[in-house]
Amino acid sequence: MPETVLTVSGVKKYFPITVSGRGLYREKRLLKAVDNISFAIPKGETLGLVGESGCGKTTLAKIIMKLLPATDGRILYGDTDVTRLSARQMRPLRPRIQMIFQDPYASLNPRETVRELLSAPLNVMDIGAPHERMDKVRKMLDVIGMDRSFLEKYPYEMSGGQRQRIAIARAIISGPELVVCDEPVSALDVSVRGQILNLMKRLQRERGLSYLFISHNFGNVRYLCDRVAVMYLGRIVEEGTKRDIFDRAVHPYTKALLSANPVPDIRQERKRVILRGDAAGAVYIPSGCVFRSRCLYATEGCSKGERALTPLKRSDGTTHSSACPRYPGL
Amino acid sequence: MPETLLEVKNLTINLKLRNRAEVSAVDGISFSMNRGETLGVVGESGCGKTLTASAVIRLLSPYTGYIAGGQILFEGEDLTKKTARQMQAIRGQKISMIFQDPMSSLNPVYRIETQMREALRAHRKVSAKEAHRISAEMLRKVGIPLPETRLKEYPHQLSGGQRQRVLIAMALLSNPSLLIADEPTSALDVTIQAQILDLIRDLRDETGTAVMLITHDMGVVAENADKVLVMYAGKVAEYGTARDIFTCPTHPYTQCLLGSIPRQDLDVDYLTTIEGIVPPLEQMPAGCRFYDRCPLRSDVCQEGTPPPRRIGEHVTFCHHASCVLP
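Read top to bottom, the protein sequences are chains A and B. All residue numbers for the first sequence refer to numbering that gives the first Met the number 0, where the first residue is 0 and numbers rise by one. All residue numbers for the second sequence refer to numbering that gives the first Met the number 0, where the first residue is 0 and numbers rise by one.
Same shape as in the complex, but just chain A (with noise of 0.2 Å):
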């Protein structure tokens, strides 16, 4: 049984907030931007978290990295319960989950170096002896492959890529076990996109790092992932491995995603579902399954009762499990 690096369990996040009316005439309704979701993330693995934007993504990665508090539900770093605790308390803990962000222009101080924003996690988290922790930093250059010329650069005179780059190893400097990553790929130019997740893939396979990977991008997902988990209105519908994502998917979102997503070859006649309409707002919410409103395949007996994450039955011994209520007629 490997080691289990994060277990998310029930968690909730509600905001309350005002859709109407003013004063005494308020009508308050709670946005549900992620509700009841859990999984677990075993040491060295991937698990992959595609939605489209407002599926609650990333208010799930900050929740996990306690910059929001969860309304309901538990987060284990390893096996330490870090729900309940302080900022004092988290600091011991916070070497061994960082994060990447999606955006290197605005993640990085322009103020800092890479010296400077290098050596911040180690002085920090008190991380080896002080004159010890250049060397590291020099070291961390070597391992995201970028010439020690850069230690007086600032932000500004590096490229996306770079600047990524030392976003990544600011984020690896600390040697965490788990780093979660918002989109760290989207706001890079195409080219530059591949250089990055081969990077990400080199350090898991070198570090033994765990990834949560936040991207609403399947191929970088298929590349990178071994498990994935979509979201759709802050739940998880489908849950599964690569395989069972990208070869034999079950609910219809999946599909829908998977076949919306073009591909670049022109010798593939595929098939297209497109759905109709938005993803409904996450404060009006219809009954029973959510993804009722834009299903092709919805019946009445979908808006009976919401139907949980289901583990479906597989010969190999594998969990895919899908919330699609109409599952295994479908």
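Since the hints were made in silico from the structure, they are not lab data. Any given hint could be a false lead.
Stretch-level coverage of chain B by chain A, calculated; a stretch enters the list once three of its residues show a Cβ under 8 Å from a Cβ in chain A [stated by the list, open to error]:
hint	region
1	100-108
2	184-197
3	210-218
So these bits of chain B aren't anywhere near chain A, every CB distance computed over 12 Å [said to hold, decoys possible]:
hint	residue
4	L16
5	G68
6	S158
7	N174
This one's a predicted model, so the numbers in the text were calculated from it and none came from an experiment. Don't be surprised by glycine CBs; every beta carbon is placed ideally from N, CA and C.
We have chain A; now place chain B onto it with these hints.
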């Protein structure tokens, strides 16, 4: 025999830099489009895709750049020779353009109806009542439910996909013969992207409008374009039918680009990447502009721009071009 709609010959666009030096951001590119055809223009950011499109619709700001040479023949007339006033009759009437970010293309303080009426009245004398009727019909055509209600709303009340539909509706009001779509779906989710691209394709088939589709997404091009123009650093790398370019890419840049994209339908262990970055405009190599990053480079590549070579149904600008199946 399909009729040629647009023919761009040796188009060069110069940009003025801060130190008053001039660089050719688009350097001698040529391509053509037939009526009712979709041309995909692909390349990384900064390769001149948007500049080329802006030149065709003559929206280049005189302070940043100008057409330094070449011809843009649209329906047989050279657009580079047109005066600003003459262009106004063509722009929005015969050539329309939609942009990446639908929110910044719509004015947030006017209702959809007002903005559509303005677009309509720029070219035609119509009464307010008539404008309302035409606008509502157009919105219905682009698949917006309850068009009468939407007309009374402001842009912020619509979703991203709806806004892009409104822009497409506005662009198509005058039934143009060329629609330039500059990254029309990059700001949208994949499911909405599929809706919008389908809409553009349906409208093209119905009205015979040619579409210049600018994108950095090879998948979008493969599924939508008839012809493809691959640009790199302001020059054409490869140009030909989509079928030819995707089944047999000959330029190393196209090959690398296709190899560097992770795909949802294939398992790969390692992506081929293009090392380095596009050289800055002031430091373009004298020969082939892809030289520094090219896996096939040799001495001959440094001697001037590679001449065009015809392979199958397309033209490629590389000394070492050969057909390699991706």
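Outcome of the hint check:
1. 100-108: violated (count 0)
2. 184-197: Result for this restraint: holds, n = 9.
3. 210-218: holds (count 4)
4. L16: About 18 Å separates B:L16 from the closest Cβ of chain A, which puts it past 12 Å; holds.
5. G68: holds (28 Å)
6. S158: Check fails; 5 Å does not lie beyond 12 Å.
7. N174: Label holds. Min Cβ-Cβ 25 Å, cutoff 12 Å.
Going down the numbered hints, you'll see the structure goes against 1, 6, while the others check out.
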